[in-house]
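Visitor: Chain by chain, the residues run as shown.
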Amino acid sequence: MKTEIVSSTKDRKGIGLDPRTKILLLLMIAVFVLGGAGGSALVWARVLLACVPVGLLFASGRVRTCVIFVSVFVAGCFLQYFLLNKLNGFLNFIVLASAGMLTQFLPGLVMGYYAVSTTTVSEFVAAMERMHVPDQVTIPLSVMFRFFPTVGEEAGNIRDAMSMRGIFFSGKHPGKTLEYCLIPLMTCSVKIGEELSAAALTRGLGAPVKRTNICKIGFGVWDISFFVICAAILAYWIVTMEGNVQI
Amino acid sequence: MSMEKNGSMKLQGRDLMNIGIYAAIYFVIVFAIAMMGYIPVMMPLLCVFVPVIGGIPFMLFLTKVKKFGMIWIMSIIMGIMMLLTGMAHYALIVGLFTGLIAEFVYKSGNYKSQSKAVLTSGIFSMWVWGNFLPLFIDRQNYWSSRQSFGEEYITTLNSLMPSWLCPILLIVAFASGIAGGLLGKALLKKHFRKAGIA
Numbered sequence: 023m024k025t026e027i028v029s030s031t032k033d034r035k036g037i038g039l040d041p042r043t044k045i046l047l048l049l050m051i052a053v054f055v056l057g058g059a060g061g062s063a064l065v066w067a068r069v070l071l072a073c074v075p076v077g078l079l080f081a082s083g084r085v086r087t088c089v090i091f092v093s094v095f096v097a098g099c100f101l102q103y104f105l106l107n108k109l110n111g112f113l114n115f116i117v118l119a120s121a122g123m124l125t126q127f128l129p130g131l132v133m134g135y136y137a138v139s140t141t142t143v144s145e146f147v148a149a150m151e152r153m154h155v156p157d158q159v160t161i162p163l164s165v166m167f168r169f170f171p172t173v174g175e176e177a178g179n180i181r182d183a184m185s186m187r188g189i190f191f192s193g194k195h196p197g198k199t200l201e202y203c204l205i206p207l208m209t210c211s212v213k214i215g216e217e218l219s220a221a222a223l224t225r226g227l228g229a230p231v232k233r234t235n236i237c238k239i240g241f242g243v244w245d246i247s248f249f250v251i252c253a254a255i256l257a258y259w260i261v262t263m264e265g266n267v268q269i
Numbered sequence: 267m268s269m270e271k272n273g274s275m276k277l278q279g280r281d282l283m284n285i286g287i288y289a290a291i292y293f294v295i296v297f298a299i300a301m302m303g304y305i306p307v308m309m310p311l312l313c314v315f316v317p318v319i320g321g322i323p324f325m326l327f328l329t330k331v332k333k334f335g336m337i338w339i340m341s342i343i344m345g346i347m348m349l350l351t352g353m354a355h356y357a358l359i360v361g362l363f364t365g366l367i368a369e370f371v372y373k374s375g376n377y378k379s380q381s382k383a384v385l386t387s388g389i390f391s392m393w394v395w396g397n398f399l400p401l402f403i404d405r406q407n408y409w410s411s412r413q414s415f416g417e418e419y420i421t422t423l424n425s426l427m428p429s430w431l432c433p434i435l436l437i438v439a440f441a442s443g444i445a446g447g448l449l450g451k452a453l454l455k456k457h458f459r460k461a462g463i464a
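So the sequences go chain by chain: X and G.
For any residue, its number in my numbering is found by taking its place in the first sequence, counting from 1, and adding 22.
For any residue, its number in my numbering is found by taking its place in the second sequence, counting from 1, and adding 266.
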């Protein structure tokens, strides 16, 4: 599990996008690539959006992740286009379903990875404040993103410990998995969470004053160009809808 | 852990952080279960598995809920996460209502009634149903974007999800949420109270 998710140190290599732009791109990819809005008329937009995380990862110096993503994605596309209707029965079903899922989910996952690994908690909070999102949503969300890697790490540790006792996450005994993997996972996550919240409260989170922030966020050339691309896709989507009820 | 008594009923930083922590645990578990939807037979059954297993962290979460709004925010956050993971906005809309109803139900038990907690778990779980809505509302459009899954996946899933299943799934989600609540309650008693976190 990558622990750099929602890093607290500043890492502004390459294109330093505003967190709001990242959220917009994440939403666009979620709606068009994962959700498949617009049907076949918007294939070009889907391809374009799937390319966005590649470029961003490359620009931020995460070349290795970028290469892995591109090769897996291309493999998925290859399987889809060359094996479609060539296999039959169960094998066809498995290959196509997994390739389809892969190509559909991967861009969103990678964009999500990019967004959380290049945004600091402060930047995220600053951006949410600028968008006038209430604290009641901002704080839980930022805690959540901070907490995902912890849960993943703990899950890995528990898996290791339990495999010594012959209990596996994907084992034949769902009851045992539930009791000996899920419960310890929850217990230690909650314990860590309590420590985390104690630490945050010590540093003044939840104090009855308005929070100030020294993060400089703002829109640059790249942000504006991404906004223009997204606006174009949305406009095209609305034009091609023509009475199809989609929302 | 003892909750310090403060007179204010407004949500404090600690409450908001608790929401975040439990939302993360809940979401990780839900997401892991949702991966089973790749197998078409499992798709309608997700309405059973997600609330039942999710009931365990949710019941644990309810032990921390002492103020108005926490369940509702949790529900909204689940909706936002579904939006970000490409499940469309239906879960958010459904969650806005079910979360609020769940909140009122738990409030009516003064945030400590155990039977109300189980009922709350049932109502809260209905947000899962929102994820199935696009399949029923606009079937053609739903599949037009998923042709790549292969014809067989589509026909299998279509035969598994006839339109009349829509209201039934809502009831199933509710009933499974109740079952999850009962399971969570039993596990709270058996494990979490011993570990000192409930």
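Don't read these hints as lab results, they were simulated from the structure.
Only a predicted model underlies this, so the values are computations on that prediction, with no experimental measurement involved.
Any given hint might turn out to be false.
[Stated by the list, open to error] Covered, in the sense of this in silico footprint (three residues per stretch, anywhere, with C-beta under 8 Å from a C-beta of chain X), are these stretches of chain G:
hint, stretch
1, 290–296
2, 314–328
[Unchecked claim] Here are a few chain G residues that sit away from chain X, every Cβ distance over 12 Å (derived from the structure):
hint, residue
3, 375
4, 377
5, 380
6, 427
7, 444
8, 458
Using N, Cα and C, we set each Cβ at its ideal position, and we do this for glycine too.
Visitor: Next, verify each hint and record whether it holds.
Guide: Hints, one by one, checked against the model:
no. : hint    : in the structure
1   : 290–296 : holds (count 5)
2   : 314–328 : holds (count 4)
3   : 375     : holds (23 Å)
4   : 377     : holds (18 Å)
5   : 380     : holds (19 Å)
6   : 427     : holds (16 Å)
7   : 444     : holds (18 Å)
8   : 458     : violated (7 Å)
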